[in-house]
Amino acid sequence: MDATELARWQFGITTVYHFLFVPITIGLSFLVAGFQTAWMRTGHEKWLKLTKFYGKLLLINFAMGVVTGIVQEFQFGMNWSVYSRFVGDVFGAPLAMEALLAFFLESTFLGLWIFGWDRLPKRIHLACIWIVAVGTVLSAAFILVANSWMQHPVGYRFNPEKGRAELTDFMAVLTNKVALITIPHTIAGAFLTAGALVAAVAMWHLVRRPGKDTDAFRAAVRLGSWTTLVSMGALLVTGDIQGKIMTEVQPMKMAAAEALYGTEQPAPFSLFTIGTLDGSRPVWSLDVPGVLSFLATGSLDGRVEGINDLQAQYVERFGPGVYTPNIPITYWTFRLMIGAGVLAALLALWALWSIRKGRSPAPERRGTRFLMWGMIALPLLPLAANSFGWIFTEMGRQPWIVFSRLKTAVAASPAVSSGDVITSLTVYTLLYGALAVVEVGLLLHYARAGLPDVSPPPPAESDEDRPLAFAY
Amino acid sequence: MELSTLWFLLIALLFIGYFVLEGFDFGVGMLLPVLGRGERERRVMINTIGPVWDGNEVWLITAGGAMFAAFPEWYASLFSGFYLPLLLILLALILRGVAFEYRGKRPDPTWKRRWDWCIVFGSAVPAVLWGVAFANIVRGVPLNADHDHIGGFFTLLNPYALLGGLTTLALFLTHGAVFIALKTAGDIRHRANRLAERLGIAAVVAAALFLGLTLARRATTAALILAVLAALCLVGALIANRLPSRTDPQGRREGWAFTGTAAAIALAVASLFADLYPFVLPSTVDPTTNSLTVANASSTPYTLKIMTWVALVFTPLVLLYQGWTYWVFRRRIGTQHIPDEAAQLPSPAAERGAAG
Numbered sequence: 010m011d012a013t014e015l016a017r018w019q020f021g022i023t024t025v026y027h028f029l030f031v032p033i034t035i036g037l038s039f040l041v042a043g044f045q046t047a048w049m050r051t052g053h054e055k056w057l058k059l060t061k062f063y064g065k066l067l068l069i070n071f072a073m074g075v076v077t078g079i080v081q082e083f084q085f086g087m088n089w090s091v092y093s094r095f096v097g098d099v100f101g102a103p104l105a106m107e108a109l110l111a112f113f114l115e116s117t118f119l120g121l122w123i124f125g126w127d128r129l130p131k132r133i134h135l136a137c138i139w140i141v142a143v144g145t146v147l148s149a150a151f152i153l154v155a156n157s158w159m160q161h162p163v164g165y166r167f168n169p170e171k172g173r174a175e176l177t178d179f180m181a182v183l184t185n186k187v188a189l190i191t192i193p194h195t196i197a198g199a200f201l202t203a204g205a206l207v208a209a210v211a212m213w214h215l216v217r218r219p220g221k222d223t224d225a226f227r228a229a230v231r232l233g234s235w236t237t238l239v240s241m242g243a244l245l246v247t248g249d250i251q252g253k254i255m256t257e258v259q260p261m262k263m264a265a266a267e268a269l270y271g272t273e274q275p276a277p278f279s280l281f282t283i284g285t286l287d288g289s290r291p292v293w294s295l296d297v298p299g300v301l302s303f304l305a306t307g308s309l310d311g312r313v314e315g316i317n318d319l320q321a322q323y324v325e326r327f328g329p330g331v332y333t334p335n336i337p338i339t340y341w342t343f344r345l346m347i348g349a350g351v352l353a354a355l356l357a358l359w360a361l362w363s364i365r366k367g368r369s370p371a372p373e374r375r376g377t378r379f380l381m382w383g384m385i386a387l388p389l390l391p392l393a394a395n396s397f398g399w400i401f402t403e404m405g406r407q408p409w410i411v412f413s414r415l416k417t418a419v420a421a422s423p424a425v426s427s428g429d430v431i432t433s434l435t436v437y438t439l440l441y442g443a444l445a446v447v448e449v450g451l452l453l454h455y456a457r458a459g460l461p462d463v464s465p466p467p468p469a470e471s472d473e474d475r476p477l478a479f480a481y
Numbered sequence: 040m041e042l043s044t045l046w047f048l049l050i051a052l053l054f055i056g057y058f059v060l061e062g063f064d065f066g067v068g069m070l071l072p073v074l075g076r077g078e079r080e081r082r083v084m085i086n087t088i089g090p091v092w093d094g095n096e097v098w099l100i101t102a103g104g105a106m107f108a109a110f111p112e113w114y115a116s117l118f119s120g121f122y123l124p125l126l127l128i129l130l131a132l133i134l135r136g137v138a139f140e141y142r143g144k145r146p147d148p149t150w151k152r153r154w155d156w157c158i159v160f161g162s163a164v165p166a167v168l169w170g171v172a173f174a175n176i177v178r179g180v181p182l183n184a185d186h187d188h189i190g191g192f193f194t195l196l197n198p199y200a201l202l203g204g205l206t207t208l209a210l211f212l213t214h215g216a217v218f219i220a221l222k223t224a225g226d227i228r229h230r231a232n233r234l235a236e237r238l239g240i241a242a243v244v245a246a247a248l249f250l251g252l253t254l255a256r257r258a259t260t261a262a263l264i265l266a267v268l269a270a271l272c273l274v275g276a277l278i279a280n281r282l283p284s285r286t287d288p289q290g291r292r293e294g295w296a297f298t299g300t301a302a303a304i305a306l307a308v309a310s311l312f313a314d315l316y317p318f319v320l321p322s323t324v325d326p327t328t329n330s331l332t333v334a335n336a337s338s339t340p341y342t343l344k345i346m347t348w349v350a351l352v353f354t355p356l357v358l359l360y361q362g363w364t365y366w367v368f369r370r371r372i373g374t375q376h377i378p379d380e381a382a383q384l385p386s387p388a389a390e391r392g393a394a395g
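Protein chains in written order, with our numbering: chain Y, 10 to 481; chain V, 40 to 395.
Check each hint, because a few of them may be wrong.
[Stated by the list, open to error] Here chain Y is said to cover these stretches of chain V; the calculated rule only asks that three of the stretch's residues, wherever they fall, bring their Cβ under 8 angstroms from a Cβ of chain Y:
id	region
1	93-102
2	116-125
3	253-267
[Unchecked claim] When the alpha-carbon atoms are kept at most 25 angstroms apart in a straight line, the in silico DSS-like pairs for lysine-lysine are as follows:
id	chain 1	residue 1	chain 2	residue 2
4	Y	Lys65	V	Lys344
5	Y	Lys366	Y	Lys186
6	Y	Lys171	V	Lys344
7	Y	Lys131	Y	Lys65
8	Y	Lys61	V	Lys151
9	Y	Lys221	Y	Lys61
10	Y	Lys171	Y	Lys416
11	Y	Lys366	Y	Lys221
12	Y	Lys253	Y	Lys186
Just so you know, the hints here were simulated from the structure itself, not pulled from any lab data. Note that the Cβ used here is the ideal one computed from N, Cα and C, for glycine as well.
Model the full structure from these sequences, guided by the hints.
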């Protein structure tokens, strides 16, 4: 493998890993803020307990998101210097703004929230977690603006003398139609993930620890499941719009999602295929007529361009070369993304059904055993769906790193040898692997522990010597 | 003033903020096994930076982002050229960040000891390597006509750069010791005072040598003045660190001492940037054609203009709320303030239930 390929593996591994933590942080910060608001409004202790319980899981997860995020920012310059020089004038601005507008907010106000329980007035303390939540969305918005520019470059001109893209209209970059639809889709995915996590953990407690904090956990199952279901609705709607915009700006990606080689009208959508997906006749496939046409054009008999025609068009436009992404990967990740998301929503529905009208799943019933397996799968499915979605969208852009402008093959750092990249790839893989074990261990430990005791501490002799409400 | 020069200043400012703020929390991290006698004292130390270390680190992220946006050539050449040192810095920052958050999450002493070592390693490695990196930036590195670094890892480890690393190490250790004295109560405060005296002398010697060598290579008036002021502030800090406090005769004038070390670091970094200007990354090979300067590394005026507006509006806001955080957590911490761990950890009974 050459340095570029290694750098791609490194980007894939570190980014997918980073994005396991990001959606949980985004969604869970809002849900925790919601719990704390409910506590402020009602004064009911169960909300405070839920705030602290899920807040702990949020923090364990947040730390990983932060530290793996630094790698992301450095990686562009370290591994992709040609890319960085080419895009810096456009792509750097949202990145810098993300740090200045969002990261400072998140980190500073999270510190205030963690340590401020007894230092801040209640309302201000509550405001801190809301500010963190808003910060997470802001940060997602900026980075998605940057990514969307790579999918559909707008608001720039190419300067042949400097050999780089130069910003001409920043508003156009911010309001890139790809960004405007990718942002809500990604945020909805984050809520799907966090809702599923909240519901699954709460359900586990209802079944395994019957009678303990039942009221609080029932509320959490309901809130988590509804969040999952509503998010799924939002994902379907935004995903549908995204598909149409993708067909317009990156038709090859849409054709690759279906492994559609020849242009068809109407085009079917195959739920499942046994075959090589290389354009030869599949052994077997389960097709739903007209659905791809609908996804791509909004009409059941719309015309969808195939890979072969697009390849020919691109050769004409950009010169000889292969303009087709890795089809089996785009084909399967697209299906797995949708399938995992929908399955998560169904499991959330099952959780809601099992606690309907004051009922609770009886531990001795066999159905409950299956429900418990479902609850283990519930938070994992959205994580998988997020990862498949990103792998699809990034691999589907290939061979381009900046669509229609710069190819991935020429974008890596000339100053960095394969040996360097092997070193860093090894370091990250080992480190991230070890940290995953530690992080999952802690999450399980704290998730199983149940709701914390929130009775106020005994009064200290003097205010001066009163212990901190929270300390590392 | 040209916008590119303004952005050179802003990036200098971001790195100054980063080194002044994260400088003391690197110091606290490195001194953990030296000053922290017993678990409670170590927790006192970690909690002096608990609410703020993450916000301090964002200064680096912002500096990196600003460099990418305002000087893409500089960002690309520097980050790809300094590949292995940056990898080590990232490794260190990852371990350190996770360690702060995770070390208190289990009662097991072995667990804590391991994370403590992550904190020490994670603070010491960047404390040295940032000095090495900045010394190399000022000194220049071999760049080819495409501005790509053509030296290896060991070109970066020249004696001058190692002295730079030693300087930042000594400065951050002193800064951290002074900070601990400022933020703690009881025995640990006094030990931190005494340690700061000795560390401070090492810092003065290292900084004087390093800045002297830097200016001997190429001196501008501004860089010279800033370096002298930095030295004066550091000496002033050491004096304040010996003067008895007015309120507590056992304590010292830690507020002034901390102001002094913070100003010394700020001025020293400013001096390096002043010495660097108008270059951003000089080349030791064909310096006239291959060097990166403020002019040939910068983004377009349009991008810089937008960034300038954003920076003008939001930087004061950031300073305001970060400053407020320091105000909220201004109280000194002593061992009596550290809550019992049992109160924060999941109860053992629940754990047994989980196993069943």
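Just pull the numbers of the violated hints for me, sorted ascending.
3, 4, 5
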